[in-house]
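First to last, the protein sequences are chains A and B. Per this note's numbering, residue 1 is the first one in the first sequence, and the count goes up by one each step. Per this note's numbering, residue 245 is the first one in the second sequence, and the count goes up by one each step.
Keep in mind the hints are simulated off the structure, nothing from the lab. Just to be clear, a hint being listed does not mean it is correct.
Computed cross-link-like contacts, DSBU-like style, restricted to lysine-lysine with a CA-CA straight-line distance of at most 35 angstroms [what the hints assert, rightly or not]:
#, chain 1, residue 1, chain 2, residue 2
1, A, K153, A, K202
2, B, K270, A, K188
3, A, K188, B, K290
4, A, K6, B, K278
5, B, K278, A, K226
6, A, K234, B, K275
7, A, K188, B, K271
8, A, K234, B, K250
9, A, K234, B, K281
10, B, K275, A, K86
11, A, K188, B, K278
12, A, K202, B, K278
13, A, K182, B, K278
14, B, K313, A, K242
15, A, K182, B, K275
16, A, K43, B, K276
17, B, K278, A, K3
18, B, K313, A, K182
19, A, K43, B, K290
20, A, K3, B, K250
21, B, K270, A, K3
22, B, K275, A, K43
23, A, K86, B, K313
24, A, K6, B, K250
25, A, K86, B, K276
26, B, K281, A, K242
27, B, K276, A, K230
28, A, K188, B, K313
29, A, K12, B, K290
30, B, K278, A, K148
31, A, K86, B, K271
32, B, K290, A, K86
33, B, K278, A, K12
34, A, K3, B, K290
35, B, K313, A, K43
Chain A regions said to be covered by chain B (calculated; three or more residues, Cβ under 8 angstroms) [as the list claims (entries may be wrong)]:
#, segment
36, 11-17
37, 99-105
38, 193-201
In this text, a Cβ means the ideal position worked out from N, Cα and C, and glycines have one as well.
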Amino acid sequence: MSKIFKRPRSMKDVPTHYCPGCGHGLIHRLVCEVIDELGIREKTIAIAPVGCAVFAYDYWDFDTMEAPHGRTPAVATGVKRMLPDKFVFTYQGDGDLAAIGTAEIIHAGNRGEKISVIFVNNGVYGMTGGQMAPTTLLGQVTATSQFKRRADKEGYPIKILEMMSYLPGVVYLERTSIFSPKEIIKTKEAIRRSFQTQLDGKGFSMVEVISPCPTYWALSPIDAMKRIEKEVIKEYPLGVIKGN
Amino acid sequence: MKTGTKTRIDAERCKGCELCISVCPKKLLGKKGKVNKRGIQYIILKDADNCTGCALCAMICPDCAIEIK
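Pulled out of the complex, with its shape left as it was, chain A reads as follows:
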C-alpha cells in the first residue's frame, strides 16, 4: 500500500530539539520534500546558520556546513563558486539574516550569486532568549523591549525582501507563511520555485517564511498561528515580491 503521507527520505528519523509548535521542524520538512521531489539530494550542499536552526545538520540527510553568525551567504558564495554544479542553499533565521548578516545577504544578492536562501522570520532571537530582532513588530514585548517596541527608540520592522527587490542580481523573492495547511502548500511551492531558479542557473532567490515562536511570543502554538494570521502578515504582506 502506498503511503499518503510519510517523513521525507532526506529527513533523518530523529526527534528535533525545537519547542512544541515551532515552525522550524515544519520548514525543515518542506525543504526535504522539495529536495526529494526534485531528486537533487546527492548534489545538495546546505549551509546552516547560527540560531535555533543551528543543529539543522542533525536532521537533514544531505551535506550540510555550518557558518558563523550571519556569514551563511558568504560561505554559500564560496561553495557555489568552487563547485558550480552543486545545488547550494542557505537556511537562516531573522536574527542571523536581518541583523548580524545584513551586509552578507545584501551583497550576495547584489552580486547575483546563484544560491537559494530560506529566510525564517519569527520576529525574535529565539536561541538566545527571545530578545528583540530588527523584524520584531512595533508594540511587541520581548526580553529587551519590555515596555513594547517603539519606533522613536528602536526603529521600524525591517523588510528585507522589499529592500532586496531593487537589486538587479536578485531574480526571485517571495514571502509566505505556515499558519494553515493552505499556506504550507504555498510555502512548499515557493521553495520549489526558488530551488528551480538556481537549478536553471538564473541567479539569486530567496523565500521568507513567516514562522511562529510560541515560546517567546508567550502564546500557545495555536494562538501563535492566529497571531501570524491577524497581526504579523499585515506588517509583512505575503506574496511574490519579485520574479514570476
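The hints should help you fit chain B onto chain A, whose structure is shown.
Just chain B now, kept in the frame of chain A:
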C-alpha cells in the same frame, strides 16, 4: 465511512502542540491524559473509523509524528 486509510501517530515524536487538533476538519484528534517518555501528553486519534486520511494533520505537524497510509 471507512476509506481504507490508516493514520498512525508516533507518541514518542509528539510534543503535544495541538496544531493537528486545530486543523482536523472532523475534530477526530484529542488528548487522553496519557504521557510519553518525555512526560508530554501526546495526541491520539479518537475515532479512527471516521478518518478520511486527508493528511491536514500530518501536513501541519512540526515533528513528522503523523504518518498516513
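Numbers of unmet hints, in rising order: 1, 8, 9, 10, 12, 14, 16, 19, 22, 25, 26, 30, 31, 32, 37, 38
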